[in-house]
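Novice: Chain residues, written in single-letter form:
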Amino acid sequence: MRNEFAKTIFDIGKKNKDIYILVADISPAGKMFEFEKKFPDRYINVGVAEQSMIGMGAGLAMTGKRPFLYTISTFALYRPFEMVRVDLCYQNIPVCLVGMGAGTIYANLGATHLTQEDISVARSIPNMQVLAPSDPLELRNCIKFCSKESNKPTYLRIGKSGEQTYNFKESEKWKFGKIRKLVNGTDICILSFGPIIKKAFEVKEILKKKKISTEIYSCHTLKPFDKERIKKIFKKFKKIIIIEDHSEIGGLASIVKSLAYEFKFTGILKCFSLKDKFFSCYSNQDDLLKKHGISTKDIIKSI
Amino acid sequence: MMKNIYTKNNTLTKESKIRCNYFRKKILAISQTVPALHIGGAFSSIEIIDVVYNILKNKKDKFILSKGHAGILLYVVLNYLKIITNTQLKNYCKKKGSLGVHPDYKTPGVEASTGSLGHGLSIAAGLAYPDKKKTLYVLMSDGEMHEGSIWEAALLISSKKINNIIVIVDYNGLQSSTWAKDTHPSLNPIHKKFQSFGWDSVLCNGHDVADILKKLKKKKNKPFALIAKTIKGYPISFMKNNPIWHYRSPNKIELKRSLKELEKYEK
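Protein chains in written order, with our numbering: chain A, 95 to 397; chain B, 1256 to 1522.
By construction, these hints were calculated from the structure, which means they are not laboratory data. Being a predicted model, the structure only gives us computed values, none of them experimental. Wrong hints could be hidden among the right ones.
Stated by the list, open to error - No more than 27 Å apart at the CA atoms, straight line, and that leaves these computed lysine-lysine pairs for BS3-like:
no.: 1; chain 1: B; residue 1: K1415; chain 2: A; residue 2: K111
no.: 2; chain 1: B; residue 1: K1415; chain 2: A; residue 2: K125
no.: 3; chain 1: B; residue 1: K1387; chain 2: A; residue 2: K242
no.: 4; chain 1: B; residue 1: K1349; chain 2: B; residue 2: K1337
no.: 5; chain 1: A; residue 1: K108; chain 2: B; residue 2: K1389
no.: 6; chain 1: A; residue 1: K159; chain 2: A; residue 2: K292
no.: 7; chain 1: A; residue 1: K254; chain 2: A; residue 2: K108
no.: 8; chain 1: A; residue 1: K131; chain 2: B; residue 2: K1337
Chain B on its own, in the form it takes in the complex (with noise of 0.2 Å):
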């Protein structure tokens, strides 16, 4: 598995692709060793943040997973890089492990701990102020647009000319108990409030990595956001944008099917 990953002979597309089904194949068998896990919005995910940490991201520059509920992804994503150890990974939500649910400062890779919304993007706007020449990424979800520190943050962020940060909203549309658009149909369009505060905005397939990076290279000398469609779930036929996938493991027949599908895809 982890050559075919190293694989350079692929296109750039391709070589994501096999490392998000790997992601995703790694998330499915970790769910079978704990009792529930946010696989929908981890899977919905999986191709911003591979692009984030295996094509944009240089040393210095910095993310922050602030729908940190999908810590399950970074941790994958971190062990693939070696960052994260395979015990660390195996104790997940372990005994003695040193991993929970949600990301947690102390753990090597991760930058802030989140898993209460809102928080990421402020301290984002501290992390970047005093370098600009480091990017900080913020991976946000579309439900956390509601907390109003994050449009406490984005004003700042504007009017202080932070613009080495680039913020990607995972815009599955589900919250963890129903449609975000039945909650806050004013939130939509995402891109036009980021843009009438200050930043540069605009939307993307959030599960085709040649258009997050085309969509990307639009950003100028303002903050940037990223509004990326995705599908909570993704790509699996009976998850995909279902909210019980928001908080639950697959059980076995349910895992095989799974695997199943994400072998076709893959193909």
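Chain A extracted, bound-state conformation (with noise of 0.2 Å):
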């Protein structure tokens, strides 16, 4: 996602002067270099300094200009978090915060690089916008939104490398604010958004042995959240599995849950949500995950 994003802006900063780069001590790779080499004057490297890049994007913003705000979604988010809340929110200004190796991704660093709990604090911010992408695909789409239409603060939750995208013929088109089916199924149906989604079709493929059709969606914004299509996904199945890399107070189990009740929802909720807690596990994302209860085997034991 980190090339995506990076060749995304630099298509769209050529033709959109308006579009600047501020990065908090990231190293420009790829097409991120290119921005840099063409246009110096939009690609800003503040330093090890997330608060100033907050507070100098808010300024951009309010010039008329298109800022980016891009480093590890940690510091990103929570480093500067009253700069986020009072010079982008408070002031409602569409700057676009990327917060980039979100979840667990990077759990060979350990918690200090995690965010487990971004998408629950950027929801509760008033006037925060919140994106996470599920593909490449899907990001280019999010990135075009926050560069022209979006008129508000949004926070970009954004994966790593080595996403796949998940887009065949029958996927619906990426559109703001609206859940998107990904694949058609009839007895089950699996919620998820971020790069986690690659465990929904590990767990379709494993079902399809079994006979069980199971159908995904991509819940990439999870503000402002899809209530409508949730309700049609209510009525449509007895049986709803959530997976996402995100801690179970405040993320899409948290969202949906509140909706069975508003909506009376009468089937089975299995939600696989990030425990409440600081694991330790440095030797990948997988085996972190499994602390959390959340593995195929897991996902496909609870059906």
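With the hints as a guide, dock the two chains, each given alone in a separate frame, to form the complex.
Specialist: Shown next as structure tokens:
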């Protein structure tokens, strides 16, 4: 997703002179390097100084520019939190705050580099929009949206590298604020967002062998949330599985559970979210997710 | 009163003194309609803000009140410039009003929502960066210098050569609770801190308009920080350097005394 971000922002930035990139000590690889070389005035490395990155981004947006503020998610949202809240959200200005390597992606770096609760935190700030694309294609759409149509601050939560795109004939088009169906199914439904959606497709393949048909949805916009679509999904399915690389507090599972009450859903909801705990596991992301009870095996077992 | 303010025959300094007295009286009048306002920190910034708005600033330039707790002073000045209406000012901190203690981005003439200290300078960096022809004035307090974000921004501004920024520090020496030098004696001398961060910086008398202007002329091709020595509550004798006037409205007797002192001061 890093590469997709750099490529898309370079493409958009070529035509739109209002696009600025502010990074906090992130090495400009690939197309990002080209952006820096080609538009040195619109590429600003603020250094290891996230508070000033947010403030400066706010100032740029207040002159009509379209800044993207980019760093590892924990340093994008948590470190300068009050600047995000006041400069971006209270003032309600269209700045895109990009949190890269979100969730448990940086498992081997430890808890200092994880964002288990970023969606919960970002969602709770008035005016903030929260986007978490599931693949590079969705990310491209998110960037396009933030570079033009969006008129509010956005927290754009992205993965890191190696993500696959899940786009099929039956896949719906990406639309801001709308849940997107990726593949059709009839028996159970999986709701997910972000790169962890990969597990939904792994589960689908296993269930296929058991003759269970799975429908998969990407809930890429966490705020504002597509309530109407969930209502329809509640009507269609008796069993819904949620997979998310985010805390059980304030993420997709929380949202859907509260809507289940509102819409009087009587089926079964199985939620695979991160536990409200600081687990450590430095081998890889999958091993850390297992500690949180999130694995293909665990999901299959629950069905 | 307003006629006096527009007197053209007086010198720059004399005119400013009349305006500043008008602002102080206006703030005193408003203080009688609300339970509390930051009178001390507003009075210490008056000559600085008058110089910026009524002498230096052109249309393109922008001003950020990073020490947002002096919001009442900004409103009074914006009202004087007819950017904020009399009705708006009358409804300051009232149920049907739109003006609160701290400046709000939605208010005409207010460039940024401040009140939480340490935000204004980074925002100014973003406002100043794309158009180097405009000047960004940022008024901060010396207590605000304790915020780490100020030094992030100071570093960023000089490193990226955002030279069209002028910071004025209202160096009144008092925080809300105590003397700033008791909390952080190492902060002084502030101008040397700015210099070591790649800025030009000098000291001045923050209540002497001629001195403020003279020192601001020293700005060359670097971001510039003017450390304006001021007195909290100036020039009211019983308010000067008294921490209780950080956040207090005078009672009727104190108001009478203040107005009397201001009459004398103007002469």
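Novice: Indicate, hint by hint, whether the structure satisfies it.
Specialist: Do the hints match the structure? See the list:
1. B:K1415 x A:K111: holds (19 Å)
2. B:K1415 x A:K125: holds (22 Å)
3. B:K1387 x A:K242: Holds. K1387 (chain B) to K242 (chain A) sits at ~25 Å (cutoff 27 Å).
4. B:K1349 x B:K1337: Status holds; Cα separation ~20 Å.
5. A:K108 x B:K1389: The hint holds at about 26 Å.
6. A:K159 x A:K292: Given that 27 Å is the threshold and the Cα spacing comes to 35 Å, the pair is violated.
7. A:K254 x A:K108: With a Cα-Cα distance of about 24 Å, the restraint between K254 (chain A) and K108 (chain A) holds, given a limit of 27 Å.
8. A:K131 x B:K1337: violated (46 Å)
Consistency with the previously given hints fails for numbers 6, 8, ordered from lowest to highest.
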